[in-house]
Amino acid sequence: MSFWFTVFRQVGRNIRQTWASQLMTLLTVSLSVLIFAFFYLIYANMLTFGEKLGDDLSLIVYLEEEPGPELQQQLTKKITTFDEVEKIRFISRAEAYQRFARQLGQNQDVLNDMPKDFLPPSIEVVPLKNLRSLNQVKLFSAYLSRLPGTLKVQFGQDWVERFYYFTKLLSIIVLLSGTLLILTTIFMVAYTIRLTILGRQAELELLKLVGATNNYIRTPFLLEGLLQGIIGSSVGIISLYALYEWIKLRFSGPVFLNLFEFSFFSPVVSITIICVSILLCTVGSYSTMQKFLRI
Amino acid sequence: MKINSNNGIETMIELIKVSKEYPPDVVALKDLSLSIASGEMFFVIGMSGAGKTTLLKLLCSMEIPSSGLIEISGKPINQLKGSHLAKLRQKIGVAYQDFKLLNDRTTAENVAISMEVSYKKPQIIRKRVRDLLDQLGLSDKHNTITGELSRGEQQRVTLARAIANSPTMILVDEPTGNLDAITTERVMNLLNKCNKGGATVVIATHDDSIYRHTSHRVMELRKGRPHMMTGGIE
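Heads up: the sequence lines are chains D and L, in that order. Following this note's numbering, the residues of the first sequence are numbered contiguously, the last one being 295. Following this note's numbering, the residues of the second sequence are numbered contiguously, the last one being 234.
To be clear, the hints were calculated from the coordinates, so they are not data collected in a lab. Given the structure is predicted, the values throughout are model-derived calculations rather than measurements. Glycine is no exception: its CB is placed at the ideal position from the N, C-alpha and C atoms. Take these hints with a grain of salt, some might be off.
To be verified - Restraint ranges, calculated between C-beta atoms of paired labels, are given here: (1) L:Lys-91 <-> D:Trp-19: 49 to 59 Å; (2) L:Asp-208 <-> D:Ile-231: 55 to 65 Å; (3) L:Arg-222 <-> D:Ser-2: 24 to 34 Å; (4) D:Ile-231 <-> L:Lys-223: 32 to 42 Å; (5) L:Asp-134 <-> D:Ala-202: 22 to 32 Å; (6) D:Tyr-241 <-> L:Asp-134: 49 to 59 Å.
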């Protein structure tokens, strides 16, 4: 009889003997993986969305007066002193008026009674991609507002701030659910294995006496944890995928998901989550064996 | 006191000044020195509490001695650990007084367990289990849960498990305690067969019917000390 045949038979026996607690553990592992992966999926998508948002981010510096060529050069020099930027564009009053009129489209006749220079001149500053964090953008904005002749600096601060805090909150939730995942997988698996060990105390004692090696006794328990990890995490990820597909189907159309591109994990990320869960479950069963299975 | 086995024959069991004490101050064995030759059948007799079971437990390394040296096939068992100890235990078949059966498993599964740990092939295990159960009059109990067997039947299953793996050393604690005369004879026939096959057999018993007319050595223990040795070829 081969080693692995015997080991798998033992695993089957263990599972049959404690199937109720095994099922509970499996559900807990699946649920933990589902909760963690759910928040991580939202977080990952938000990050992608944030990156896109960062790509479109520009700071508008409203000026008191239209700068001449020399002042433009001076301002450009001042701006680039803070940090290199991707693009600096000076917009004159006339240009601003035309742009505004274009934006109004059919309603542009509301501008008929307005003077063509009622809009302030401005500088459109597109920061470099690495200037992404809110604090950096804020610092840059503060620096720009201190430039001589600046009226106001705008970069959709409220919106960016809200988005920033939302992703920060999400990162905390991801951390918490990650901790939950670690705790549940390790402790639940450890607890189940412990139950199995206690339930089979007499048999394990006998196995030792008839000459079973450490590997013969321990490997089934290690495999049990491994199986809990494989099945539990796979069920968790598959459930999340089903949920994702359902949401996509249910809420497809001109709202919600179409606001930004919402995508599922890449196969690499999915496999990484599964592998980490397997590792955690195996650690759980190993720690119990070290504690309760002294051979 | 040291009792030697026949000279010139390989020694299977060697005990030198072995003592076993249980807390607080129970002396189960005291300064026992003994050699048992390979292929010998050896009886340990004595009243309850004389130290028979303790001696068997020490021989199968279920317990460690408080002092002294125990060697099996020249290896000091107190110092063996891990796979070395497991390998040695695979060569020792033990029929415990308290049976140590898995009461939720079938008779066949209980007997097979000692062969499974040595990774014997399933077909060999099946055949051996059937043969042994047949020899012990338990062929109709093959698939019976051992918890449902009588004490006498459980005792025979324990013996079957002890000899299933064809061990080189068989330790039997009170093998006939719950058996009638006919079954006792069956059990002894089986043990004699194993002995003739080359196994060293140590039987702890207080049933004088199984050692009364034996030509093998019989050692009587009293209060953990060897009191008398009879039989054997001098």
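Comparing the hints with the structure gives:
no.	hint	result
1	L:Lys-91 <-> D:Trp-19: 49 to 59 Å	violated (36 Å)
2	L:Asp-208 <-> D:Ile-231: 55 to 65 Å	holds (60 Å)
3	L:Arg-222 <-> D:Ser-2: 24 to 34 Å	violated (49 Å)
4	D:Ile-231 <-> L:Lys-223: 32 to 42 Å	violated (59 Å)
5	L:Asp-134 <-> D:Ala-202: 22 to 32 Å	holds (27 Å)
6	D:Tyr-241 <-> L:Asp-134: 49 to 59 Å	holds (57 Å)
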